[in-house]
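**Q** Okay, here's what each chain looks like letter by letter:
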Amino acid sequence: MSLLTIDGVWKNFRDHSVLRGIDLEVRPHEVVSLIGASGSGKSTLLRCVNLLETVDDGVILLDGEDITDPRVNVDDVRKRLGIVFQAFNLFPHMTVLDNVTLAPRQVHKVAKGEAEEQAHGLLARFGLADKARAYPDQLSGGQQQRVAIIRALATQPRLMLLDEVTSALDPELVLEVLGVIKELKESGMTMILTTHEMSFCRDISDTVCFLDGGVLLEKGPAEQIFTEPENPRTREFLRSVLESGRL
Amino acid sequence: MSEFDEPGKGAAGKSGEPGKAAVGEPGGPGKPAAGEFGRVGQAAGEFGGSGTGAAGAWVKSERQVERERVRRSHARRSASLATVSTIVFIVLVAWIVTNSPGWPTVQDKFFNPDELVKALPDVLKGFLLNIKIFLIAEPLILVVGMLVALARGIRKPAFFPIRALATLYTDVFRGVPTILVIYLTGFGLPALRLQGIPTDLVTLGIIALTLSYGAYVAEVFRSGIDSIHPSQVAAARSLGLSHFKTMRFVVLPQATRRVVPPLLNDFVSLQKDTALVATIGPLEALRQAQIHAASTFNYTAYLAAALLFILLTIPLARFTDHLAARTRRRRGA
Chain P
1 MSLLTIDGVW KNFRDHSVLR GIDLEVRPHE VVSLIGASGS GKSTLLRCVN
51 LLETVDDGVI LLDGEDITDP RVNVDDVRKR LGIVFQAFNL FPHMTVLDNV
101 TLAPRQVHKV AKGEAEEQAH GLLARFGLAD KARAYPDQLS GGQQQRVAII
151 RALATQPRLM LLDEVTSALD PELVLEVLGV IKELKESGMT MILTTHEMSF
201 CRDISDTVCF LDGGVLLEKG PAEQIFTEPE NPRTREFLRS VLESGRL
Chain W
1001 MSEFDEPGKG AAGKSGEPGK AAVGEPGGPG KPAAGEFGRV GQAAGEFGGS
1051 GTGAAGAWVK SERQVERERV RRSHARRSAS LATVSTIVFI VLVAWIVTNS
1101 PGWPTVQDKF FNPDELVKAL PDVLKGFLLN IKIFLIAEPL ILVVGMLVAL
1151 ARGIRKPAFF PIRALATLYT DVFRGVPTIL VIYLTGFGLP ALRLQGIPTD
1201 LVTLGIIALT LSYGAYVAEV FRSGIDSIHP SQVAAARSLG LSHFKTMRFV
1251 VLPQATRRVV PPLLNDFVSL QKDTALVATI GPLEALRQAQ IHAASTFNYT
1301 AYLAAALLFI LLTIPLARFT DHLAARTRRR RGA
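Each protein sequence line maps, in turn, to chains P and W. The opening position of the first sequence corresponds to residue 1 in the numbering used here, with each subsequent residue numbered one higher. The opening position of the second sequence corresponds to residue 1001 in the numbering used here, with each subsequent residue numbered one higher.
Okay, chain W solo, but in the shape it has when bound (with noise of 0.2 Å):
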């Protein structure tokens, strides 16, 4: 029983609205009340004019009256519950924590305001180079992801090469750790001298991670397409629509509309793993706490990072939220 479980803000929300909604205005289409509770006192006001059978206009019964007054000092005592153990818990933790017998160390090395004051301006600077890597090595992701979801799913014998080559590369690149990746194409593909290859380190790091997220991201791109009923293609194929075409116009939008949580999953991983691109050189995030962690004995410089990281990560976070949250509505759920 959802309604009874909601917390405080149904029980202000929707108590609020019906004194405004009952004047309603008589047979008009009248706007959507926001709750439960305000629906029905709009409602009252709408059936005199509406009214199709041979009942007449309603009139809230006293049962329901004290029905919905039940309902609200549920919803009231859930939420006050709520905040209660809430308050409780984040209580409890701190306590336990700053009354541990180290703490005050622990403070000193990790939570130092005069060190995160003095290592933010270097730290934000190479936080602005894990931002360029990210947004760079996004869209080139989706794009490797989405090719080899499409060359694994070819079913054309004359396509088999491509279907293995697409198949071995999913498997090679889940599988070897993404550090290793980042050191193979930093070191060892300059390394080879080879006409062309690129030799700038946060390019070669954006070729690492997109090889590796990409092999990912095609998986998830295969679930999603995977999905998709049978009876769909068969529509679009009974259409005469190409193996291509039926991809693109018909299993291609629903299967990615379905990936988008999982997708923006990996992307928050995404987010954090662009600090891998340190171990190779480029002065991001990371690399610029490490320098000053190790030239003040500090560790505040990292939390420093991890605080940007944060900021940068919970966007995406309530927006993959938001989605899942539509998607349950347009269900009906």
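Next up, chain P with everything else stripped away, as it sits in the complex (with noise of 0.2 Å):
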């Protein structure tokens, strides 16, 4: 069963469709990527899954059930929901070590001593042992959006939704994050991501998805989309990103 389904999914603001009837499955242990040109819809794609938005038509199961049921339990739903944004948004009256306990503490009741220890994990584990008891604002871009991925982490989600995470950093920060989505894949997280990182999207992605104008325009494989794309509108997307450098 895939773990989750979007199917004919719409989202309006004002006079303007954002996502025009999307429908996407992902399996569990899947890593989807959505590309486009911006405005094409895959950030609210993302908000939507995470409930941040709502719906204007269309289902989200998410291991079976819908989550976009006026019914449902907003913050049931995100308990099981990871979202790393684009600027990080790291709490920065907090320390790092409190960031990253604090929804393990609130939100899923686990006792202070745990949540650390398993937060000290975490933090070593992709090497930031030694920030535990930094301030966000001490530390670089990479080590920051680190933080925020280990945030999400924490909470042990069944999904996790990446918005342009290497989008604010500079270059050179950026290998230090992909790096880290990377050991996500490989531990088996499923994932759903939008980036302009298009060789690491080839790289990690078992999926990839085109977006144009609120639409899912081609959905394949990764060789297959960045090699022989179908659609026309991919190819000079492609075409477009790689004038720019950055294939």
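One or more of the hints may lead you astray.
Said to hold, decoys possible - Sample of chain W residues at the chain P side, in silico, Cβ under 10 Å:
#1 1058
#2 1063
#3 1064
#4 1067
#5 1068
#6 1071
#7 1074
#8 1147
What the hints assert, rightly or not - Ranges between beta-carbon positions, derived for each pair:
#9 P/168 - W/1238: 50 to 58 Å
#10 W/1231 - P/235: 38 to 46 Å
#11 P/187 - W/1314: 55 to 63 Å
#12 W/1315 - P/79: 39 to 47 Å
Hints listed in this document are in silico derivations from the structure and should not be mistaken for laboratory results. The C-beta atom is built at its ideal place from N, Cα and C for all residues, glycine as well.
Grab the two chains, each in its own frame, and use the hints to assemble them into the complex.
**A** Now the structure itself:
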């Protein structure tokens, strides 16, 4: 059974439709990338899955449960999801350790000692063992984003949503974050990510989806999308990306 | 989930829309519908024209129709729940108060309609003086507060005395009770018998309020200035703007906007504190009420004054709410 099913999802903002009937299945342990130009609806789709946006039509199933039902408890759904934002969105008034242990302690009722032990384990695993007591402002962008990923991981989500997680980073910091994501894939985490890093996308994705104007125009294994895309729009997009030197 | 909790206004306003909006001009810019449900109906009419992708025009699915029905009923339920709980609360409080053993006496002494009518003209006359004091003091306070805040922000060593003076001013006048400031300026200042010192008690009262509130407002401004990120100053200075030009064109416009709610809060407080000027003599609303109460042994006159003060503060409070809501909207929350 698929872990996440997106079926005919529409999202409108005022008189403009950002998503126009998106269908997508995500199997357990699958890594799905959403690519497309700015404004194609990639981020909105992730926000819909996290219920940060309310869909205007269609249905999203998480482990077979309709999470777009108005009667569903939003917090219960979000407990099972992890999301990482482009701008990190760490809490600046908390140390790294507190950022990471906030949700496990307050939402998942994990005891302080256990939560901290687990957090230290995660920080060590991603090379941030010595930063537990630091505040976000004292860290580099790459370190902050790694903390943000760890914060999302700490609640052991079923599914990770990564929204342009490297777009706000200097090129030399991108690699360390991509390394973390790669390790997540190897550990079997299911992920949906939006990205502009095409070579990374090709490398890590099981499935690549090309969105254009709120429509999922093409979907397929990464190699196929990047080597022989069927849709002319996909070809055009990949060519323009290639020309800007990002492939 | 905001739309679930939204009270009745949402349900009523929104559910009315779709019928009208569904007619929608295909492809046209279309006026934005008021709410969630209206938007959906209108959008349906539009997709035919402006579609760029492969997907065709959107017909609302049965699931979505059902979902909106559930949401509407949720909204209706929370609205009726809110209404019921409000009514229950008010009735309960009213019942407890009016059934208390001393209520008849309290009603006669504090809520006496005859006394209210009798006292109102005098109190209202006095109240005009409150408004006058308030209207003159408010701009003065803003100027004093802003200047002191700016003085405290100067970092050049040569200006140390000014900075120290500004700090001393806020320390002293925030610490001293307003009533003492009013006594000191009202009675102490004229007693010095210096040339050119005003003797009019209203003027002295305004000076006292300005001194006292200026210190509070200066701190409000300063917190606003401090809250502007250093990168803004860096950007302005890098363009060659001087410290004062940076303040004037970049920092203060942002800071002022940010501190409007706390400033208005201080002004609501000031409106009431104009009554403190009564202690040095001027016949404003509270003083008039006092005179009435003293001659009739009935406190309803104070109620008249209170009603007038409430009438004055409510518009300001709503204005504060309005500004706060506008800021939230701009941030896209």
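**Q** If a hint holds in the structure, say so; if it does not, say that too.
**A** A quick look at each hint next to the structure:
1. Interface hint status for residue 1058 of chain W: upheld, as the beta-carbon distance to the closest one in chain P is roughly 6 Å, under 10 Å.
2. Using the Cβ-Cβ criterion of 10 Å, the hint placing residue 1063 of chain W at the interface with chain P is satisfied: the shortest such distance is roughly 6 Å.
3. Given the 10 Å rule on beta carbons, the hint for residue 1064 of chain W holds: about 4 Å separates it from the nearest Cβ of chain P.
4. At its closest, the beta carbon of residue 1067 of chain W sits 6 Å from a beta carbon of chain P; the interface hint therefore holds under the 10 Å criterion.
5. Among the interface hints, the one on residue 1068 of chain W holds; its C-beta lies about 9 Å from the nearest C-beta in chain P, closer than the 10 Å criterion.
6. Because the closest C-beta pair between residue 1071 of chain W and chain P is about 5 Å apart, less than 10 Å, the hint holds.
7. Because the beta carbon of residue 1074 of chain W sits about 6 Å from the nearest beta carbon in chain P, less than 10 Å, this interface hint is met.
8. Checking residue 1147 of chain W against chain P: minimum C-beta separation of about 32 Å lies over 10 Å; hint violated.
9. In this structure the hint that residue 168 of chain P and residue 1238 of chain W lie 50 to 58 Å apart at CB is violated, the actual value being about 22 Å.
10. For the pair residue 1231 of chain W and residue 235 of chain P, the supplied restraint of 38 to 46 Å holds, since their beta-carbon distance comes to about 41 Å.
11. Range check, residue 187 of chain P to residue 1314 of chain W: Cβ separation about 59 Å, and the 55 to 63 Å hint holds.
12. Distance hint check for residue 1315 of chain W and residue 79 of chain P: the Cβ-Cβ separation is about 44 Å, which falls inside the suggested range of 39 to 47 Å.
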